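> For chain B, the structure is supplied; the task is to place chain F on it using the hints.
Number of protein chains: 2
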Amino acid sequence: MKKEEKLTPSLPKGFRDRWGKELALKKNIIKIIEANFIKYGFLPLETSPMEITSNIGSFLAEDESNPMSDVFTFEDSKESLTLRYDMSAPLARFVAQNYRDLTFPFKRYAYGDVFRREKPDSARYRSFMQFDADIVGNVSEAQADGEICNIIADTFKSCGLNNNQFSVNVSNRKIIQGIVSELKIKKTQEERVIRAIDKMDRLGLDGVKNILQDGRKDESGAFIKGANLTSEQANTILNFIQIKDISELKKSIKNSLSKEGIDELSKLFDILSKGKFFDLIKINLNIVRGLAYYSGFCVETNLNFNVKNSKGKEIDIGSCASGGRYNSLIKRFKGVDFKGTGMSIGVDRLVFALNQINQIDFNNKNVLVLVLDEKYLDNYYSIVNLLRENNINSEIYLDPSKNLKKQLAYADKKGCSLAIICGQKEIEKNSITIKNLKSKNENNQITISKENLINEISKLQ
Amino acid sequence: MKKEEKLTPSLPKGFRDRWGKELALKKNIIKIIEANFIKYGFLPLETSPMEITSNIGSFLAEDESNPMSDVFTFEDSKESLTLRYDMSAPLARFVAQNYRDLTFPFKRYAYGDVFRREKPDSARYRSFMQFDADIVGNVSEAQADGEICNIIADTFKSCGLNNNQFSVNVSNRKIIQGIVSELKIKKTQEERVIRAIDKMDRLGLDGVKNILQDGRKDESGAFIKGANLTSEQANTILNFIQIKDISELKKSIKNSLSKEGIDELSKLFDILSKGKFFDLIKINLNIVRGLAYYSGFCVETNLNFNVKNSKGKEIDIGSCASGGRYNSLIKRFKGVDFKGTGMSIGVDRLVFALNQINQIDFNNKNVLVLVLDEKYLDNYYSIVNLLRENNINSEIYLDPSKNLKKQLAYADKKGCSLAIICGQKEIEKNSITIKNLKSKNENNQITISKENLINEISKLQ
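Protein sequence lines correspond, in order, to chains B and F. Residues 1 to 461 (the numbering used here) make up the first sequence, in order. Residues 1001 to 1461 (the numbering used here) make up the second sequence, in order.
Looking at chain B on its own, in the form it has when it is part of the complex (with noise of 0.2 Å):
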């Protein structure tokens, strides 16, 4: 091959590789994650990382005159496929389609990668985890969507935060949705009011006032289309979804959408209040989740702590656990009609974050034997033989012609806990060297004879 013709190695825009600390603390959180799952009942699924591009649906992008747009699709001779964009589509169909041998309420988690074909930046990727808890049938929407908010709850502090580090934010898309039509909002204005509301956390009051009318630039310059109701109706609707409380709510609203939302919203947190993480879930009417298909029933997760990109800016990281109840979504599938309730952890996110609180421990128990000699690789083998028989995570060096500082430089920088040393001495008496290499003492070398190996590597590790 020819020098110029070499390759040069990167990533395409908006993609990257994950290894080391931060690795194995999304390996960890994912770890949690599926642990509380399924200790409420949950089981996996494992959808196709393709669909159909029809039974995606249209209820997918923000940018409602090209609904497909931020899909990665491709077209095969007879077919159009579309790489998965998220969970709950593919549940939709899984459903739809295998009903008759799914038990009701069919509770699912799954996990994986899903795609987005976005314009990337420097925060937005186009791939990225989520983690998905769904409860598909037609049960206690009360109840049901209970597991779901304590489920949140539950996992967070699993992950490790306090109860000051985050808060599980619910409203019910309902109560809006009711004022939106008594204040004689068009419809095809209606979704756009609700994405304005939903765009509270980024923007702010003032800024979505704006959206809510004229319209505003973004901070790319962009114009954001406004939803043009007059300064009256959006005054109405900003000072409403202040409300944080259920009987002031009931006091302020009489059209009926709004008291059926309402009426849902207070049957939940009575279901709550029998739970152990009431005092964690809160009320926030501004949540109520861009995606068209949310009937009732939103929720959002908020960390309260702060969290800097990798410039060290601070940033709005936004929500890392979102969900809600789809009474539509799956009756769009021929001769089915399920109602559902779900909500997906932004693994990714969630990572990112706790990645800067450094709450969780990690420590690499691995051991590595080194090779003093070429002569003696089976008396290395034996020892290394035995370590994993007991399970103990262990190499044996890969390179003789390596001296022992380059071999103690491997094991430093791959973070091994134990060094096992055996030289000519060592081999003649049937005894062992350890070396510790997380202690700073000088006296971090002990030798013990080889019967004793696994006994002594228990306690030190």
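No wet-lab data here; the hints were simulated from the structure. Any given hint could be a false lead.
[Claimed, not checked] Residues of chain B placed beyond 12 Å of chain F at every Cβ, according to the derived structure:
1) Glu51
2) Glu79
3) Pro90
4) Lys209
5) Ile224
6) Ile243
7) Glu248
8) Ser273
9) Gly312
10) Glu374
[What the hints assert, rightly or not] Simulated pairs of lysine to aspartate or glutamate, EDC-like, Cα-Cα distance not exceeding 16 Å:
11) Lys375(B) x Glu1191(F)
12) Lys157(B) x Glu1389(F)
13) Lys1450(F) x Asp1378(F)
14) Lys402(B) x Asp373(B)
15) Lys274(B) x Asp1378(F)
16) Lys119(B) x Glu1005(F)
17) Lys1078(F) x Glu75(B)
18) Lys440(B) x Asp412(B)
19) Lys1119(F) x Asp76(B)
20) Lys21(B) x Asp412(B)
21) Lys1119(F) x Asp101(B)
22) Lys244(B) x Asp263(B)
23) Lys334(B) x Glu1005(F)
24) Lys1225(F) x Asp1270(F)
25) Lys251(B) x Glu232(B)
26) Lys1375(F) x Asp270(B)
27) Lys429(B) x Glu451(B)
28) Lys78(B) x Glu1118(F)
29) Lys1078(F) x Asp121(B)
30) Lys1006(F) x Asp337(B)
31) Lys1199(F) x Asp1218(F)
32) Lys276(B) x Glu1389(F)
33) Lys1259(F) x Glu1248(F)
34) Lys1267(F) x Glu374(B)
35) Lys1450(F) x Glu1389(F)
36) Lys1021(F) x Asp101(B)
37) Lys1013(F) x Glu75(B)
38) Lys1267(F) x Asp399(B)
Here the structure is a predicted model, which is why all the values come from computation and not from measurement. Ideal placement from N, C-alpha and C gives every residue a C-beta, glycine not left out.
Frame of chain B; chain F shown alone:
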């Protein structure tokens, strides 16, 4: 939505969903593989699910005239993106990009779905999971290749297979390459000869002889072009690849490349003799691997029990863990020259086979709290709260309108182990009735005081 607009739920051809027992087995197998790889000192790496197309390389497809025909590629505005095809090409790109920050020898494991734009058929999927372990770095090749063989054997044993149920077959590609040039076979035909030998398991001696010479029709009626060898050339190769013994190989071979291969194989078996799995690892010279980048050591892992397809017909499932040494793959990138060795477990294939021999036990240890009357919801929630606090997988039935029989049918279908039944009598006495759903005795219920709940459940599970 009008009725005729409703969607028909289905999956694109070549893709599938997994759930229930098969997925439980798969998750279990993944856990076993991961624990084994960690035990051997490998650390995780997660590369991007998409790569820049030109980095994926042209060594992939079997169709030499159209090397990129079996990848899924998206043309974006400025880049061409390709979905992960295997774990080796991303590893090569990752090492070339990040070698300054890595510890060498770099031992990483990785798993995830890979995508092949092949013509799907009943046994050929367009996405499947690979679980890889690789060692990158210029180290003792025999030690590193030996580690790969040992980890395969250890992992397959950990998956519940005994010594008679699988074998790890090892070869060295240089041996056959040396023969090919000794026989004065043209360079252009060499890959074709290698690929013909690779098909030995599937086609047998006669089938391979056909494609070494004039070609043959496969079952679908498609014609596979031959390598145009003379009958004598073909016989020399076929006689030779049946040799299973290193000293016999040494006797029969004179060319230097083959000798180099035999010498490497001999050193590898010397290392393997120091390990625990020597008896499971065999020489088999028809292992040559289809991919062009393998440079010496090659390995495949075959199951020695019958596997049937969904129609009950016995099938050749092929190798479940394959790999080899690739000393020139990474130096396709600028400025780096690292050797590598590794292997890939075909997780879905392995799970498909293991699912048929039922050697791994599953027990859904899940407690269902029945709802006898909505007015006792407080009590039921306090029970489920207590169970979950004690990490007992449990759920409360979500629909108070369903009768006891329906709730128990749910528990049964889902495979719950225990049901908690508390009616007025229990609640008045602060007691709890536990029904053992796995017991066929009539006497499968006990009533206990609430304080003993956790103890009793631990005893029963």
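> Could you work out which of the previously given hints the structure breaks and list their numbers from low to high?
Numbers 1, 2, 3, 8, 10, 11, 16, 17, 21, 24 and 25, in rising order.
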